[in-house]
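Undergrad: Sequence:
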Amino acid sequence: MLKVALTGGIGAGKSTVAKQLSELGARVIDADALSREVVAPDTEGLAAVVSRFGPEVLTPEGALDRAKLASIVFNSPPARAELEAIVHPRVRARAREITDSLPEDAIVVQDIPLLAETGQAPGFHLNIDVEAPRELRLERLAARGLDRADALRRIDAQASDADRREVCDVVLYNDHDVHELERRVALLWDERIKPFAENLRHGHAERRPEKLQFVESDPAWFRRFEHLAARLRRVMGPSAVRIDHVGSTAVAGLPAKDVVDIQVTVVSLHVVDAFEEALGDAGFYGTVTFDSPKPEFPDIAQWEKRLYGYADPGNIAHLHFRSIDTPGQRFALLFRDWLRADPQARADYAQAKGVLAARSDSVTDYAEAKEPWFDSEGWPRANAWAAEHGWHAPLC
Numbered sequence: 001m002l003k004v005a006l007t008g009g010i011g012a013g014k015s016t017v018a019k020q021l022s023e024l025g026a027r028v029i030d031a032d033a034l035s036r037e038v039v040a041p042d043t044e045g046l047a048a049v050v051s052r053f054g055p056e057v058l059t060p061e062g063a064l065d066r067a068k069l070a071s072i073v074f075n076s077p078p079a080r081a082e083l084e085a086i087v088h089p090r091v092r093a094r095a096r097e098i099t100d101s102l103p104e105d106a107i108v109v110q111d112i113p114l115l116a117e118t119g120q121a122p123g124f125h126l127n128i129d130v131e132a133p134r135e136l137r138l139e140r141l142a143a144r145g146l147d148r149a150d151a152l153r154r155i156d157a158q159a160s161d162a163d164r165r166e167v168c169d170v171v172l173y174n175d176h177d178v179h180e181l182e183r184r185v186a187l188l189w190d191e192r193i194k195p196f197a198e199n200l201r202h203g204h205a206e207r208r209p210e211k212l213q214f215v216e217s218d219p220a221w222f223r224r225f226e227h228l229a230a231r232l233r234r235v236m237g238p239s240a241v242r243i244d245h246v247g248s249t250a251v252a253g254l255p256a257k258d259v260v261d262i263q264v265t266v267v268s269l270h271v272v273d274a275f276e277e278a279l280g281d282a283g284f285y286g287t288v289t290f291d292s293p294k295p296e297f298p299d300i301a302q303w304e305k306r307l308y309g310y311a312d313p314g315n316i317a318h319l320h321f322r323s324i325d326t327p328g329q330r331f332a333l334l335f336r337d338w339l340r341a342d343p344q345a346r347a348d349y350a351q352a353k354g355v356l357a358a359r360s361d362s363v364t365d366y367a368e369a370k371e372p373w374f375d376s377e378g379w380p381r382a383n384a385w386a387a388e389h390g391w392h393a394p395l396c
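Position 104 of the sequence shown, counted from 1, bears residue number 104 in full-length UniProt numbering, the numbering being contiguous throughout.
What the hints contain is simulated information worked out from the structure, not anything from laboratory work. Just so you know, not all the hints are guaranteed correct.
Stated by the list, open to error - Simulated pairs of lysine-lysine, DSS-like, Cα-Cα distance not exceeding 27 angstroms:
no. : residue 1 : residue 2
1   : K211      : K19
2   : K211      : K194
3   : K194      : K19
4   : K194      : K3
5   : K353      : K370
6   : K68       : K3
7   : K3        : K211
8   : K194      : K294
9   : K19       : K3
Build the full structure now, drawing on both the sequences and the hints.
TA: What follows is the structure in structure tokens.
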């Protein structure tokens with residue numbers, strides 16, 4: 001089951017996106033609707049609200065007077081936090097009930113206005129933010145009957161656009177007419193959401209293109225790493241001793257294949273095997289493999305790892321699970337730190353990559369062609385740099 005979170009500030013157009021995703025075939029769960037359901041008359045949630053805020057928040061008919069409650073909590077962060085502590089857990093529990101009742105191959109979209117505020121993002125395979133310029137949002141809210149001052153208060157009470165972007169994998173810009181937004185949603189559905197769901201259905205990660213292609217260094221690589229690391233931490237907890245962005249995409253200014261490399265350090269590879277099912281549920285799939293041994297450590301057994309990928313076609317990644325204090329685990333961190341610290345090393349590696357790429361017809365050929373360079377240049381020079389600067393692999 002592909003689990004997608006949809007968020008966006010008030011007036012950004014999130015409801016329009018949710019409606020279209022529903023029409024395309026997604027099962028949409030509306031957190032706002034659930035927040036009303038869990039405090040409906042005769043519910044335990046409403047009883048909890050009345051217990052905290054008093055009977056004055058009820059209408060004569062016994063329903064929640066939402067306007068009255070809003071007037072109490074809107075300008076009081078402590079009161080608002082108390083209300084959220086009552087409502088949010090109940091909304092999440094109800095959302096889980098609905099999700100569990102759906103077919104296993106469903107594409108489930110949860111419409112969550114407070115995704116960034118509530119820390120739920122790592123629990124979803126894909127997070128989508130709908131964003132629009134502030135003035136355009138104010139115009140839309142005015143058309144709904146909100147005066148400007150009230151609209152501004154509501155916008156400012158929510159997370160900022162930057163906060164939402166930090167936790168989301170996709171930003172849908174709603175800065176034109178509705179037809180342009182619908183076009184963007186349809187493209188996202190066809191090119192990312194449906195293939196993602198298909199990968200989950202068949203239990204395999206999105207494969208990197210075999211055609212070799214370098215792109216310029218992209219600041220988005222670091223955010224992509226953070227999103228995947230957050231999902232891994234949620235699945236593995238402290239069993240992941242450390243999670244690091246490694247490889248060329250971890251070095252600013254270095255051209256690379258558009259594949260994010262992540263190293264997950266574990267005490268033992270048996271830990272990874274124990275998490276295989278949970279990792280699969282989160283969209284991570286992999287196998288047993290080995291790194292190429294380096295001259296000082298010729299025993300292939302020292303280079304065993306688990307190589308995983310992610311099922312999202314929009315965030316192709318390689319996850320290298322390695323045991324702590326093994327040669328491969330140490331070298332991945334050392335090589336990254338050496339390139340980050342030494343401009344000449346960075347330039348030399350970029351040049352070598354370019355020369356080897358020109359001689360290679362595929363990613364596989366290129367990967368094989370790099371190994372002699374690592375043996376003759378990368379490994380000895382990185383280790384010499386480590387000795388000169390007192391570098392040691394961090395343990396946690």
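Undergrad: Does the alpha-carbon distance linking K353 and K370 stay inside the 27 angstroms limit?
TA: holds, 8 angstroms
Undergrad: Below or equal to 27 angstroms on CA atoms is what counts here, so check K194 against K3.
TA: Satisfied, since the Cα-Cα distance of roughly 12 angstroms is no more than 27 angstroms.
Undergrad: Would the hint linking K68 and K3 be met if the CA-CA limit is 27 angstroms?
TA: violated, 35 angstroms
Undergrad: Verify the proposed pairing of K194 with K294, using a straight-line Cα cut of 27 angstroms.
TA: Measuring from Cα to Cα gives roughly 41 angstroms; hence the hint is violated.
Undergrad: Has the given pair, K3 with K211, been kept, meaning a C-alpha gap of at most 27 angstroms?
TA: violated, 30 angstroms
Undergrad: For the pair we were handed, K211 and K19, check the Cα-Cα distance against 27 angstroms.
TA: Between K211 and K19 the Cα gap is close to 37 angstroms, so the pair fails against 27 angstroms, i.e. violated.
Undergrad: Would the pair K19 and K3 pass a check requiring their Cα atoms to be no farther apart than 27 angstroms?
TA: holds, 17 angstroms
Undergrad: Would the pair K211 and K194 pass a check requiring their Cα atoms to be no farther apart than 27 angstroms?
TA: With a Cα-Cα distance of about 23 angstroms, the restraint between K211 and K194 holds, given a limit of 27 angstroms.
Undergrad: Mind checking the alpha carbons of K194 and K19 for me, to see if they're no more than 27 angstroms apart?
TA: holds, 17 angstroms
Consistency with the previously given hints fails for numbers 1, 6, 7, 8, ordered from lowest to highest.
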